[in-house]
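2 protein chains.
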Amino acid sequence: MEVTRKNYKDCLNTVYSAIEEADFLAIDGEFSGISDGPNASALTNGLDTPEERYTKLKKHSMDFLLFQFGLCTFKYDQTKSKYITKTFNFYIFPKPFNRTSPDIKFICQSSSIDFLASQGFDFNKVFCHGIPYLNQEEEAQLREQTEERRNQHANGVGTPSYISPSSSKGPAHIPEEHKDFINRVVEKVEALFANSEKTLDLEPCTGFQRKLIYQTLNWKFPKGLHVETIETEKKERYIQISKVDEEERKRREQQKLEKEQEELNDAVGFSRVIHAISKSGKLVVGHNMLLDVMHTIHQFYCPLPEDLQDFKEVTMCELITYTSLAELEKQLKESPFKPPQVETAEGFLSYNTAQEQLHEAGYDAYITGLCFISMANYLGSFLTPPKAYISARSKLIEPFFNKLFLMRIIDIPYLNLTGPDLQPKRDHVLYVTFPKEWKTSDLYQLFSAFGNIQVSWIDDTSAFVSLSQTDQVQIAMNTSRYAESYRIQTYAEYIQGRQQEKEKLGQTAKTWGEDSWVKPHYISSTTCGFGYPRCTRAAVHCLRKRSISPVQGESGSGEALITDGWSHYSYADSAGSKKMKTDGV
Amino acid sequence: MEVTRKNYKDCLNTVYSAIEEADFLAIDGEFSGISDGPNASALTNGLDTPEERYTKLKKHSMDFLLFQFGLCTFKYDQTKSKYITKTFNFYIFPKPFNRTSPDIKFICQSSSIDFLASQGFDFNKVFCHGIPYLNQEEEAQLREQTEERRNQHANGVGTPSYISPSSSKGPAHIPEEHKDFINRVVEKVEALFANSEKTLDLEPCTGFQRKLIYQTLNWKFPKGLHVETIETEKKERYIQISKVDEEERKRREQQKLEKEQEELNDAVGFSRVIHAISKSGKLVVGHNMLLDVMHTIHQFYCPLPEDLQDFKEVTMCELITYTSLAELEKQLKESPFKPPQVETAEGFLSYNTAQEQLHEAGYDAYITGLCFISMANYLGSFLTPPKAYISARSKLIEPFFNKLFLMRIIDIPYLNLTGPDLQPKRDHVLYVTFPKEWKTSDLYQLFSAFGNIQVSWIDDTSAFVSLSQTDQVQIAMNTSRYAESYRIQTYAEYIQGRQQEKEKLGQTAKTWGEDSWVKPHYISSTTCGFGYPRCTRAAVHCLRKRSISPVQGESGSGEALITDGWSHYSYADSAGSKKMKTDGV
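From first to last, the protein sequence lines stand for chains Z and H.
Okay, so the first sequence: first residue is 1 according to the UniProt record's numbering, each after it adds one.
Okay, so the second sequence: first residue is 1 according to the UniProt record's numbering, each after it adds one.
Since the hints were derived computationally from the structure, they do not count as laboratory data.
Just so it is clear, the structure is predicted and the values come from calculations on it, not from any experiment.
Hints may be right or wrong, so weigh each one.
One-sided and incomplete, this derived list gives chain H residues near chain Z with beta-carbon spacing under 10 Å [unchecked claim]:
#	residue
1	ASP36
2	PRO102
3	ILE104
4	CYS108
5	GLN109
6	SER111
7	ILE113
8	ALA117
9	SER118
10	GLY120
11	VAL126
12	PRO305
13	GLN309
14	GLN423
15	ASN452
16	ILE453
Residues of chain Z placed beyond 12 Å of chain H at every Cβ, according to the derived structure [to be verified]:
#	residue
17	GLU20
18	GLU258
19	GLN341
20	THR418
Every residue, glycine too, gets a C-beta built ideally from N, C-alpha and C.
Produce the entire structure from the sequences given, and follow the hints as far as they go.
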């Protein structure tokens, strides 16, 4: 089901009941971009710590817009022995609620936009009919504002914001140049009281003038009038004044309040769906879900916390999550897996997995759910006697709860939301710095005596090199002692150095933070290094969130090699095996 | 004429000849946003200097995308006594040329996007079929890369980028894990030479593997083979190897070169139209043209210079510009102006000005041209004898050349590209700081003894206050001496203070700039203050580039008052009257 601003309110109950009845939910997001960082390898180094990865994604991915949200609900039907699915495709856009609401700015990444365009993504649907949303703070502020305005009206003294403290009980201060204008309005209203007309439409005027009119009329005619601002089709605003008795006046005020309340709920918009998912406590599955979860919290709840530990806490309050490696969909159709038995609920989009509609959020959520079912049922095949159907509530699945897949980290397959993260030994890893002309092949040459190595580029002049044997580390360190063109440190030395640097820079940052006017709000695309020289090493396109296959960058030597490391993490690997590889992967 | 990536190449000659034959050109751009700054008044204060305005626009407006470019050419037909127009609507999008080309990131501002959506703007046309472009540096780099690749092929030693310095004459270094793979490829090629097949398609493989294949085959089989990478519909890349004689090999290489050259021109894309406009030396008219010119240079030529003076020089090299106040269109239809005589060239979009299509770049350019004609002809009515038609080359128009309208600056109507800017006296202006609770009305109250004043908000706690009489300044200064809640400085004192601050901060900035890793690349929309508290003062929507009418912010007290100042600048004002107002405007 496609859900836009047009049919959102009509669909809401359908969405709520689909969530309520479901055994589990699958979600997926489409974004306006993935990384505004300098290049791919800077964002996802194969030897990131979970903290580093979180910090990088927070810094380089959160200013993109999550503009399509896919939700697929799965409910098991015992009699049919199959899952009944309902898929929703929500189009999301932060249309400003009114003139004082936040005017969200978001970044678009050309390669991501181009990619979605090539998949037939409908941008007009997003930008013209996307459902608005507010995070919790924005919602609270809006409710407060509305409340404040109501109190002002109830007091009948107009909006105090234009009344200086010393004169809050008297009439509004009317600037000299507006006095004639206001006097003419008062004369017209007096004439209205004298004649048989019921309403009086004033000429369109500025917001400031309208404020003055409200204040003056509230003060001069506390009873017998209903004053309202009306917007024409051309977005011009004018004031309409109606003669009313006290009962009618109250009725109209009440109507206005109800309308305001409804507009407020409309502004909260899509966030209400997220709240419903969160409240349901249902199992939520996703594919490479870390970015989806971060964006969901950032966009619909609150700014992401600085610290990974705090993120884990915020997340645990909101969503129960589980990580799967989807797009294994094809593999999961083959032995030893079994294709899941599913059926689309009546009146919902029916997907045919043979005709791929990948990169539509709803379809991706659907596929993710299918993968989950296949994998869960596969676990059932190990039971004695084997079970063909494993419920989302089964104990068998619990070990996989709250694990978010860490894409392209060699030796930490997942982020553990409910406890400490895995701490792989990295005593076979060297940190190497070298002239910027060096390529991967130079590193292979340098370490050719040590057999198979693995290179993880950090930037133009540094990389991690993983040796296959830990006892080779000391030999490498010794032979490099007199080298001039390059320098080798152990991983431990490197981490220590970074820590010291961080502490030093933390102080600098404080000094700087004192004046926010000089600090650039962002670095333009021209200056932050997307130019050719950097890109010749990084495969620009390899940042696609979905690309689970090894990156095939035309020029991506380092990248391609990194992926040799992570691509063989199968479902079984991410399933929680705590034995970490210390050999050369 | 709508021009997208699909029909761009077919249209190019039509565009070139329309420019070539034209008497003058009108241009207009539509952007993905206007300001990423904290609020409207911070971007356009009524008392900005030209330098300040330029710096603010450069800082807060250049990371948006110019995604629709309107060009309307006007050619005067003597026999018909009317202008013949040709309108082009170009859709622009920085689709990455290849995997190593820059992956442009641009910002979208929700209010601008929402506004364009409400005007029926077709975002799908931009994102799916927008014409790409390169700035001059990017173009040069791409040409260099292509050249380099050619030389490598010509030398027949493969791409040196994967050959370490010590082994550049021998075979490529093949990492251990790829040796089997490469050996199998060599065996297959040897088999190809032995059998009757003409071509051999290898399996898809990684970019790094393809490099190794190219290098190995170039070295092992310098003659008799043509090797090419082919992309499947699924974007998988594989290598095709063909047995060829030397003549055929050369022919294919030549074909490849020509294809590369064409692809390169395609990548330069829309920039070629801008180059043609620039080269033509024709008069270019625009409406509120400063942003258009800045975006055009930034996007299609080079990063904008730091300094306004340098900007003037860059601009003068590229475009001859002229400023008009368009959307006076309606007024220009009435006496003393005469509606211009125009006719649409055959085969081009015909616009009906009664059915407004404002905010389509082509239509806006067309209207701008009409306004220019009306105004130019109006000047002709003052001649003795009066002339009904004034050509774009007339001496009468020269005083208006190279003046860019400075929107919402009270006392400097235009930026002078060919000389020093106007320097209005601001000795009747006070700089006032106060608690953040203060509203415009508090300032009116404070200065109530001084008659009419004008308030230009700077931020939450400061504003310029223009008095109507310069001799009141000293009195105001004296009475404020013992004030505790607020502080008053003369404009001269304020400027001096800012200058000192700047020098101080310049030093801080240098220290900071040394480490780019810690500096945030931008401040997210959540943290840079678009929230409600700030917005209650600034009218968010008033930043629309087109809004020439006084801003009617629901809550915009300061804004609405500022505009009282600038909105009465008529065409005649911006016409170069150097007598500056020193009274209270």
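Chain Z contact restraint on ALA117 (chain H) - CB to CB distance below 10 Å: With a closest approach of 4 Å, the ALA117 (chain H) hint holds.
Assertion that GLU258 (chain Z) lies outside the chain H interface [Cβ separation over 12 Å]: holds (21 Å)
When the least beta-carbon distance from CYS108 (chain H) to chain Z is tested against 10 Å, hint result: This hint holds: CYS108 (chain H) lies near chain Z, its Cβ roughly 6 Å from the closest one there, short of 10 Å.
ILE113 (chain H) as chain Z interface residue, shortest Cβ-Cβ below 10 Å: holds (5 Å)
ILE453 (chain H) as an interface hint toward chain Z, with CB separation required under 10 Å: holds (9 Å)
Supplied contact hint for ILE104 (chain H), tested at 10 Å Cβ to chain Z: The hint holds - ILE104 (chain H) has a Cβ within 10 Å of chain Z, the shortest such distance being about 4 Å.
Satisfaction of the VAL126 (chain H) interface hint, Cβ to chain Z closer than 10 Å: holds (8 Å)
Chain Z contact restraint on PRO102 (chain H) - CB to CB distance below 10 Å: holds (4 Å)
Proposed interface contact between PRO305 (chain H) and chain Z, which counts if any beta carbon pair is under 10 Å: Status violated, d = 12 Å.
When the least beta-carbon distance from GLN423 (chain H) to chain Z is tested against 10 Å, hint result: Hint on GLN423 (chain H): violated, closest Cβ of chain Z at ~24 Å, above 10 Å.
Non-interface label on THR418 (chain Z), tested against every C-beta of chain H at 12 Å: The assertion about THR418 (chain Z) holds, with a minimum of 27 Å to chain H.
Distal placement of GLU20 (chain Z) relative to chain H, Cβ over 12 Å: holds (31 Å)
Going down the numbered hints, you'll see the structure goes against 12, 13 and 14, while the others check out.
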